[in-house]
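Colleague: Going down the list, the sequences are from chains A and B. Its first residue numbered 1, the first sequence is counted upward by one per residue in my numbering. Its first residue numbered 1001, the second sequence is counted upward by one per residue in my numbering.
If you are wondering where the hints come from, they were derived from the structure by calculation, not from laboratory data. Everything numeric in this text was worked out from a predicted model, so none of it was measured. All clues given are correct.
Listed next, the in silico BS3-like pairs over lysine-lysine satisfying Cα-Cα at most 27 Å (straight line):
1. B:K1169 with A:K295
2. B:K1370 with B:K1455
3. B:K1030 with B:K1455
4. B:K1300 with B:K1455
5. B:K1169 with B:K1300
6. B:K1026 with A:K369
7. A:K369 with B:K1027
8. B:K1440 with B:K1304
9. A:K369 with B:K1030
10. B:K1304 with B:K1370
11. B:K1450 with B:K1440
12. A:K292 with A:K369
13. A:K292 with B:K1169
14. A:K369 with A:K295
15. B:K1450 with B:K1370
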Amino acid sequence: MSGYSLTDLVNTLPITFLLLWALVLVLVEAFAKRSSLTMVLAAVGLMAAIVLSVMQFGVESSAFKGMLTIDGYAIFIYVLVLGSGLLSILLSYDYNRRMGWARGEYYILMLFSIAGAMLMASAANLIVVFLALELLSIPLYILAAFVPNNAASEEAGLKYFLLGAFAGGFVLYGIALIYGATGATDLTEVVAAIPTTQSPVFILAGAALLLIGLGFKVAVVPFHMWTPDVYEGAPTPVTAYMAVVAKAGGFAALLRVFISAFPSVAADLVPVLSALVILTLVVGNLAALAQKNIKRMFAYSSISHAGFIMMAFVTYGQPGLYADAVTSVLFYLLAFAVTSFGSWAVVIALEQAEGKGLNFEDYAGLGRKYPVLSAAMLVFLLSFAGVPPTLGFGGKFFLFRTVLEGGYTGLAIVGVLASLVSAYYYLRVVIFMYFHDGEPQVRSEPALNLVTALTAVGTIFLFLFSGQLLAWASQAVLALL
Amino acid sequence: MDFILQPLNLVTFFPLVGVLILLFLKKEQKNAARWIAMVVSLATFGISLWVLAQFNAADPNLQMEVKAIWFSFGEWDIMYALGIDGMSILLVLLTTFLTPISILSTWTAVEDRVRDFMLFFLLLEIGMVGVFLAQDLFLFYVFWEFTLVPMYFLIGIWGGDQRMYAAIKFFLYTMAGSILMLLAILWLGNTQGTFYVPDLVAMGGIPDSIQTWLFFAFAAAFAIKVPMWPLHSWLPDAHVQAPTAGSVILAGVLLKMGTYGFLRFNIPLFPQAAKEWAWLMALLAVIGILYGALVSYWQKDVKKLVAYSSVSHLGFVMLGLFALNSTGIQGGILQMVNHGISTGALFLIIGMIYERRHTREFDEFGGLWKVMPVYAVLTLIVALSSMGLPGLNGFVGEFTILLGAWGAGQTPVLGSVLYAGFAAAGVILAAVYILYMFGKMFLGPLTNPKNETLKDLNLREIVTLVPLLVLIFWIGLYPKPFFDLMAPAVENLVAILGL
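Could you put the whole structure together from the sequences, leaning on the hints where they help?
Modeller: Written out as structure tokens, the structure reads:
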């Protein structure tokens, strides 16, 4: 550990604290064996980590010899994933107990995974990107397979693991090529070495492989095959967690790595990125149209949201524009997170044991029997579809703005058409909720109701006050430049 | 606090008070829900009259402006900006006037989920008034899209048998147009650096080639809403399936959002494109006039007939607007109001008979005059107003529009008086289908025994119609105050066109 000092630990306090806390919880769980205690402590740890992160906002520093960068951008993602973790825990507790798999390890695994996502946002070295990716993913493989004696969940875990390992291979191979061409893995050294490299094609190939590997994580087409099965098979709170945190982590690393190290290959990558975006939007939305199971529908819809986020990424190489690109990605991620957790909370409220309560028909009559819950779901669905006045609309608005500013009118048109198609399948749920009669079975539980209420109110109010959010997001970007 | 109490803020958001009260009501308290919605919407109408009292008709500019920076993104300041001028004041008044009337019409017609109905109705009112007042494109878009949601529910929950199909068709059709407009709005923001409409108009300077693209992107949203032929196919479904009050508001106000959009955005923001493509808009308008009238004639369902007649009437409005002269535009604006009143009244009238008989087929009726004389007389007046009988409101609007279109026909704007000529033929066709409808329903012998016991209108129903009848005569006999309100603003608009 020569050369490292205490300041490294202080600068990375949110992450180191969380990791230490998770280790302590392993002991607590081992001796106390009370999942409710572990859950409460995990939540406390997340809240403390949020406080620690916010305290560092505005201070830019690096740690461990430049391996990690802690800047506004990283902090924004920290708070996003920590908050997501907190919401996931709130969603999980009652769910896990009533489904019969309440175990303390669950929360500890989640903490490790969150630390991985935070490292992704801070990684200033390609090796750290890989390690963080693994730390994010390995707990998720276990969490996806957490349902005991359930073939679907086991399949989810195994599938996610195999494809995740495969994707990790891509990332590693990409790093190797870049190292071969530049002799460096540190992002600043990489970017400095690129102009003099003998083998520019390796840079392009390496960047492309990184894109593929991380593309698996954020689930863009054609690297999305695992998503529907994993989302459907995994316990629903884990699905909610995966949809947001894995995406946030993946995009966080993509943006930092590509903006700081690979602006030079942007021109070559634009056609590839555009093709990915269009494929993702088309496949994600068309497949979502055909779904009758709400978990699968949201799985495909989350693929299409990855496509939307990717749209802003297309413009990353344009000087003077990537600040807007990053701001709109961060805003969209936040909008997606808030909306997504809300909608998953409603899904959990209706879900029954053995995968029942997940079809559209099970939502029939919700509007009449549970007006508040269905109103909340309505808000989430409208936000997903991008109808004002919701966060989702704000997200799309800033995103399309960036894309148009970059001169990709065609892409923007594909984007708006995709959101039109998406309105159709989101409205189908609304039709069942409000226009059909039925006897929906709903579980009402304080933590669940809290998440639903918070996110529903947040979806509308955060939009009305998006100014402050945008200010934070763009402040976060400044650090990245 | 002073900011909140600005007249335009109040007139837009006052219905929110009703929404909040309704939220705390129990489902069973149906009458309470009705009264709350009624009182709140009447109060909103009162506020709009207060706005009218402060309105200076001689001033062509925006008045009573409320302006604040909502938030900033990049170099943009997105404004919360409301303002009213001669082009919007009548439409705001129309909205706040028709809302309580519609609510009154639901008193016995809506028995299911009354509280939710009123809630959506008041939310809809906020959206509509907001659309007419918003002066920032972002804010405008928010209100514009927002109106879809409550209307979607009004059709989908309280509509007829095909309500789900109609509701989703309405939503997706309208959204398809809006998102093209959204791209154009973003383009304007990116290049001009602002969304504030008066600034955008003052700046001008958009190259002609791009103006055409932007013009049509905005037109896509508005033409679907109007609806202009050939984008009208959502309208009959939505109208026929919607509950009576929904139809009244749909025809009375929501369609006007489309024509208003052309007036407020397309013409002043893209004057070159507007001049260049006026012929096309006028052509589609005239086709709409004739097509709507012809199709109306062949309907067997009264509500469908009136729905198609809207396509025809809105064609007149569009023809007036794209005459691009003061006469035509003033006629167009007045005709928006007229159509709101007359067609709104027709839908109310249809709702009254539907509530009694649960059918709207012509063949079921005949000779109703004998059993429902009051109903028959009131229907006759409204029908005559709709077909443009001199002395009633429809005539004033259509005549002014034809005058404007004739004038534009002699200039390069339209280039031919044939537009006015064919449109005039539409007036005759209107007489045919309206009189046919009236004759089928009210004249002749009373053949269907089911109709023998029908009760004539009760006091509430008469009260619902009387305010509309007053306006029908008022505008028909003395339209000057209405023209006075809009004339300076319209002259201002025409000056931008520089014709």
